[in-house]
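There are 2 protein chains.
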Amino acid sequence: MRVALIGYGNVGKAFARLLQVKQSTFPFRIVAIHTARHGTAYDSNGLGLAPPWGPAAASVEAFLDEAQPEVAIEITTLNPESGEPAIAHIRSAFARNIHVITANKGPIAHAYSSLNAEARRRQVEFRFESTVMDGTPIFSNVRNNLPGVKILGFRGVLNSTSKVVLGALQRGLTLEEGIREAQRMGVAEADPWYDIDGWDSAAKAAALANVLMQAQTNPQEVERRGLRDIDPQEPARLARAGKTIQLVSSAEYTNGSVRLQVSPEILPNTDLLASVAGTSNLLLLYTDLMGTIGTLSIDPGVEQTAYGLFSDLVDIARSV
Amino acid sequence: MRVALIGYGNVGKAFARLLQVKQSTFPFRIVAIHTARHGTAYDSNGLGLAPPWGPAAASVEAFLDEAQPEVAIEITTLNPESGEPAIAHIRSAFARNIHVITANKGPIAHAYSSLNAEARRRQVEFRFESTVMDGTPIFSNVRNNLPGVKILGFRGVLNSTSKVVLGALQRGLTLEEGIREAQRMGVAEADPWYDIDGWDSAAKAAALANVLMQAQTNPQEVERRGLRDIDPQEPARLARAGKTIQLVSSAEYTNGSVRLQVSPEILPNTDLLASVAGTSNLLLLYTDLMGTIGTLSIDPGVEQTAYGLFSDLVDIARSV
Numbered sequence: 000m001r002v003a004l005i006g007y008g009n010v011g012k013a014f015a016r017l018l019q020v021k022q023s024t025f026p027f028r029i030v031a032i033h034t035a036r037h038g039t040a041y042d043s044n045g046l047g048l049a050p051p052w053g054p055a056a057a058s059v060e061a062f063l064d065e066a067q068p069e070v071a072i073e074i075t076t077l078n079p080e081s082g083e084p085a086i087a088h089i090r091s092a093f094a095r096n097i098h099v100i101t102a103n104k105g106p107i108a109h110a111y112s113s114l115n116a117e118a119r120r121r122q123v124e125f126r127f128e129s130t131v132m133d134g135t136p137i138f139s140n141v142r143n144n145l146p147g148v149k150i151l152g153f154r155g156v157l158n159s160t161s162k163v164v165l166g167a168l169q170r171g172l173t174l175e176e177g178i179r180e181a182q183r184m185g186v187a188e189a190d191p192w193y194d195i196d197g198w199d200s201a202a203k204a205a206a207l208a209n210v211l212m213q214a215q216t217n218p219q220e221v222e223r224r225g226l227r228d229i230d231p232q233e234p235a236r237l238a239r240a241g242k243t244i245q246l247v248s249s250a251e252y253t254n255g256s257v258r259l260q261v262s263p264e265i266l267p268n269t270d271l272l273a274s275v276a277g278t279s280n281l282l283l284l285y286t287d288l289m290g291t292i293g294t295l296s297i298d299p300g301v302e303q304t305a306y307g308l309f310s311d312l313v314d315i316a317r318s319v
Numbered sequence: 000m001r002v003a004l005i006g007y008g009n010v011g012k013a014f015a016r017l018l019q020v021k022q023s024t025f026p027f028r029i030v031a032i033h034t035a036r037h038g039t040a041y042d043s044n045g046l047g048l049a050p051p052w053g054p055a056a057a058s059v060e061a062f063l064d065e066a067q068p069e070v071a072i073e074i075t076t077l078n079p080e081s082g083e084p085a086i087a088h089i090r091s092a093f094a095r096n097i098h099v100i101t102a103n104k105g106p107i108a109h110a111y112s113s114l115n116a117e118a119r120r121r122q123v124e125f126r127f128e129s130t131v132m133d134g135t136p137i138f139s140n141v142r143n144n145l146p147g148v149k150i151l152g153f154r155g156v157l158n159s160t161s162k163v164v165l166g167a168l169q170r171g172l173t174l175e176e177g178i179r180e181a182q183r184m185g186v187a188e189a190d191p192w193y194d195i196d197g198w199d200s201a202a203k204a205a206a207l208a209n210v211l212m213q214a215q216t217n218p219q220e221v222e223r224r225g226l227r228d229i230d231p232q233e234p235a236r237l238a239r240a241g242k243t244i245q246l247v248s249s250a251e252y253t254n255g256s257v258r259l260q261v262s263p264e265i266l267p268n269t270d271l272l273a274s275v276a277g278t279s280n281l282l283l284l285y286t287d288l289m290g291t292i293g294t295l296s297i298d299p300g301v302e303q304t305a306y307g308l309f310s311d312l313v314d315i316a317r318s319v
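Protein chains in written order, with numbering that gives the first Met the number 0: chain A, 0 to 319; chain B, 0 to 319.
Please note that the accuracy of each hint is not assured.
Think about it this way: if two alpha-carbon atoms lie no more than 30 Å apart in a straight line, the pair counts; the simulated DSSO-like pairs of lysine-lysine are [said to hold, decoys possible]: (1) A:12 <-> B:149; (2) B:21 <-> A:149; (3) A:149 <-> B:12; (4) B:149 <-> A:21; (5) A:242 <-> B:12.
Read the hints as simulated data drawn from the structure, not as lab findings.
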């Protein structure tokens, strides 16, 4: 399959390396890469790991028209408040009957229902496994392995930065020191307050609810409390009592609609959601036929996010 | 699809109820059921929940010849030491070009490699999701959602009875009292020592290693220690120190071959494998491309096992 990348940061580079390693068994080809910073590169025979950058295409539309890919992978830097420009890029690809994979949670959190309808109308595939839990199978698990199952709700610890910061508070450090620790570990976003105030957790909750519970919601509709809403001394006090605070994203049906919450919750250290150490994430799905199923990703990183794109690409290749 | 059941205990009945609920969206039909106790029932238009039992077919072969199903579901009572008679039933179905689903771990633990080769030769499908973790997607997760990934090893708490018994020991009860507790809860097998001595955990480890790591092994080859190998007072002592014992199944590559172990391990209460309460199970898969992925099944029961059969059936319907 001929693949075009829109964006080429750390995830894009890890993805290109992965494709090269898997070339003999999965014959996918990156035929074009478009970036704001480096320019644009094309090679219909497949680009290597050092793309020959030329001048930037005039627009993503012009890029796609020139590249003629079967699949576009949207991995630009996101404005998380709006999901743009990723949403516009995805629409441009759909309009050209191109399958789309994205690692950007914004489009799924803000506009999943209309994007999904557009993909169906155009009879193209749309995948986004890396948007929540860094490529660990969640969406594909429900789609491929849980046929006929209804998701009744979920609870999850989905944001690594807030976990690191809460761990620092627990050891008696300040919020700011915790943030610097998360930045040194490379897990904090450019704007750490997006994580700390629960926006990232809210976006992931909205994305999960949109896809798995047909919620047609967005991050703004999530009842949201963040780490600035707790007493910064409390985690250290709770630690002495064998308890911990986690920023929990949750969803449940109430009165026929989906209620979404992000909230710092006090949990005993032996609680499942508390025992996920470091930057690891855990999601519990409540179902009608399969009881409660949990998925863990242990200390995920950019390689996992890149693999999520790869697994989406294989899934599209199998579907078409 | 036309389905025949070999065996009709609690799982079979739950499966029949599930098919009835899902009839409108998943048009599968149970056309025949063979049991040792009740006899045999046939109806090519589909059997209801009260099958009209006739005399038992002379053999499973005669039953399959008469029923002519597309899929046979093997859910007889198992002799766990040998995997028989389930293995023979599965071979009989393959010989008739019938797809097979089983919830019996014996065939996968003892004879996976040769059964899988036979299925390929006959170009029929072979599924067994319910054999480990009661239908929670493990095998299908690797097969469908982790393309190109190599499983490097695993660690799991996979046996509910030993968890209940260890919990009882922790509270100061005896091994025998713990076993009676597990029997009252309905989680212990007919012979509780099969669980207590680690044979069930060993069979699950062998099944996982055979399918996910091409190990060609069997339960006898697993290095196995059970709950009779620990001091029965130790769990209570450890509990006072914030620690717990879990019967852990694990696999790793050493010197090019797969080393399998079942062993009671001392873990801090905050360890992931320790924080899975009650009868819940947890499996951590170590992979080359996706780091460590965990799957949890929370207090699974017969409904989940039945759903695992159903998801296998849908997967076969999609594959053929």
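Quiz prompt | Unmet hints by their number, sorted upward, for this structure | solution = 5
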